[in-house]
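**Q** Residue-level listing of the chains:
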Amino acid sequence: GAVVSQHPSWVICKSGTSVKIECRSLDFQATTMFWYRQFPKQSLMLMATSNEGSKATYEQGVEKDKFLINHASLTLSTLTVTSAHPEDSSFYICSASGAYGSYEQYFGPGTRLTVT
Amino acid sequence: GDSVTQMEGPVTLSEEAFLTINCTYTATGYPSLFWYVQYPGEGLQLLLKATKADDKGSNKGFEATYRKETTSFHLEKGSVQVSDSAVYFCALSPNNQGGKLIFGQGTELSVKP
Chain A
1 GAVVSQHPSW VICKSGTSVK IECRSLDFQA TTMFWYRQFP KQSLMLMATS NEGSKATYEQ
61 GVEKDKFLIN HASLTLSTLT VTSAHPEDSS FYICSASGAY GSYEQYFGPG TRLTVT
Chain B
1 GDSVTQMEGP VTLSEEAFLT INCTYTATGY PSLFWYVQYP GEGLQLLLKA TKADDKGSNK
61 GFEATYRKET TSFHLEKGSV QVSDSAVYFC ALSPNNQGGK LIFGQGTELS VKP
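Protein chains in written order, with our numbering: chain A, 1 to 116; chain B, 1 to 113.
There's no promise every hint is true.
[Unchecked claim] Computed list of lysine to any residue pairs in SDA-like fashion (alpha-carbon distance at most 20 Å, straight line):
#, chain 1, residue 1, chain 2, residue 2
1, B, K52, A, Y103
2, B, K100, A, S18
3, B, K100, A, Q29
4, A, K20, A, Y103
5, B, K100, A, E52
6, B, K49, A, A99
7, B, K49, A, G101
8, A, K41, B, T12
9, B, K49, A, Y103
10, B, K100, A, S43
11, B, K100, A, K20
12, A, K66, A, S18
13, B, K100, A, T78
14, B, K52, B, K68
15, B, K100, A, A2
16, B, K100, A, V3
17, A, K41, B, G41
18, B, K100, A, G101
19, A, K64, A, M45
20, B, K49, B, G29
21, B, K100, A, V62
22, B, K52, A, S102
23, A, K41, B, P10
24, A, K55, B, V37
25, A, K41, B, E42
26, B, K112, B, L19
27, B, K100, A, A99
FYI, nobody ran anything at the bench for these hints, they're computed from the structure.
Looking at chain A on its own, in the form it has when it is part of the complex (with noise of 0.2 Å):
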């Protein structure tokens, strides 16, 4: 149990455009869903937390208006990654919690997005 998939895998962008990063808990309620950014060889950094129904909460450094969150159902979180320029290329990685009634987070795959 406690199943996150990620779509897409990866994808590769013009410089530009957008593109949108889905998260979804296959089995169970996610209350609460984070997003993170890995850079090659270093750890996680968490971007935002976002709680169904609410604005997400951004941690600092993150533009949010270039990073939007959308959290708009109990299985469903979403992240567009706005006017995608090639230093927004890495690996991007969601995460959710509220299995189990817990605050444990179950981690998704991740999606690699590179911006050309």
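Start from chain A and add chain B according to the hints.
**A** Chain B only, in chain A's frame:
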């Protein structure tokens, strides 16, 4: 602010060797502590956790003890296998922050036959 520091990798060991990956933390209050593992091409998986001082988390032969006096949560395994090759992340969750996780930089482990 709260932070996690873990030993740099990569760590290369022979099969059946003893493993220690050091992790220290800085936090106010009493955080929960975690080790996550990321196998090649897969998402992070919780390996073990400890929620209070002196707790020992264990799973799949791995162990870590929450040491408040030394603010440490070192990961150990007595005999590693090739299948343990992965990146290991130490993390903490501050009290009363809705499960937010702060990660260390990760340590890559490579086990050779």
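**Q** Now look at each hint and say whether the structure bears it out.
**A** A quick look at each hint next to the structure:
Between K52 (chain B) and Y103 (chain A) the alpha-carbon distance is near 16 Å, which keeps this suggested pair within the 20 Å criterion. For a cut-off of 20 Å, the pair hint linking K100 (chain B) to S18 (chain A) is broken: about 27 Å separates their Cα positions. Between K100 (chain B) and Q29 (chain A) the CA atoms are separated by roughly 18 Å; this keeps the pair inside 20 Å, and the hint holds. For the proposed pair K20 (chain A) and Y103 (chain A), the alpha carbon gap of about 26 Å is over 20 Å, so the pair is violated.
Between K100 (chain B) and E52 (chain A) the alpha-carbon distance is near 16 Å, which keeps this suggested pair within the 20 Å criterion. In summary, the hint linking K49 (chain B) to A99 (chain A) is supported, as the alpha carbons are separated by about 17 Å, within the 20 Å threshold. Note on K49 (chain B) and G101 (chain A): the hinted pairing holds, with a Cα-Cα distance of about 17 Å set against a maximum of 20 Å. With a C-alpha separation of about 16 Å, the suggested pairing of K41 (chain A) with T12 (chain B) holds against the 20 Å cut-off.
Only pairs whose Cα atoms come within 20 Å are accepted, and K49 (chain B) paired with Y103 (chain A) is accepted, the gap being roughly 13 Å. At most 20 Å may separate the alpha-carbon atoms for a hinted pair to count; K100 (chain B) and S43 (chain A) meet this at roughly 15 Å. In summary, the hint linking K100 (chain B) to K20 (chain A) is not supported, as the alpha carbons are separated by about 23 Å, beyond the 20 Å threshold. Taking the CA atoms of K66 (chain A) and S18 (chain A), the gap is about 9 Å. The hint holds against a cut of 20 Å.
Proximity of K100 (chain B) to T78 (chain A) is assessed by CA-CA distance (about 19 Å); at most 20 Å being required, the pair is judged to hold. Our distance criterion of 20 Å between C-alpha atoms is met by K52 (chain B) and K68 (chain B), whose separation comes to about 9 Å. With a CA separation close to 18 Å, the supplied pair K100 (chain B) and A2 (chain A) stays within the 20 Å bound. Between K100 (chain B) and V3 (chain A), the direct Cα distance comes to roughly 19 Å. Compliance with the 20 Å bound is thereby established for this hinted pair.
The hinted pair formed by K41 (chain A) and G41 (chain B) meets the criterion: a straight-line CA distance of about 14 Å does not exceed 20 Å. For the suggested pair K100 (chain B) and G101 (chain A), the alpha carbons sit about 15 Å apart, so the restraint of at most 20 Å is met. Distance hint between K64 (chain A) and M45 (chain A) is fulfilled; the C-alpha atoms sit about 15 Å from each other, no more than 20 Å. A hinted pair counts as satisfied when its Cα atoms are at most 20 Å apart, and K49 (chain B) with G29 (chain B) qualifies at roughly 17 Å.
In summary, the hint linking K100 (chain B) to V62 (chain A) is supported, as the alpha carbons are separated by about 16 Å, within the 20 Å threshold. At most 20 Å may separate the alpha-carbon atoms for a hinted pair to count; K52 (chain B) and S102 (chain A) meet this at roughly 16 Å. Between the alpha carbons of K41 (chain A) and P10 (chain B) the distance comes to roughly 10 Å, so the proposed pair stays at or under 20 Å and holds. For the hint linking K55 (chain A) to V37 (chain B), the alpha-carbon distance of about 30 Å lies beyond 20 Å, and the restraint is violated.
A C-alpha spacing of about 15 Å is found between K41 (chain A) and E42 (chain B), which places the hinted pair at or below 20 Å, so the restraint holds. Taken as a hint, the K112 (chain B) and L19 (chain B) pair is honoured in the structure, with Cα atoms around 13 Å apart against an allowance of 20 Å. For the given pair, K100 (chain B) sits about 15 Å from A99 (chain A) by alpha-carbon distance, which is consistent with the 20 Å threshold.
Hints 2, 4, 11 and 24 from the earlier list are contradicted by this structure; the remaining hints agree with it.
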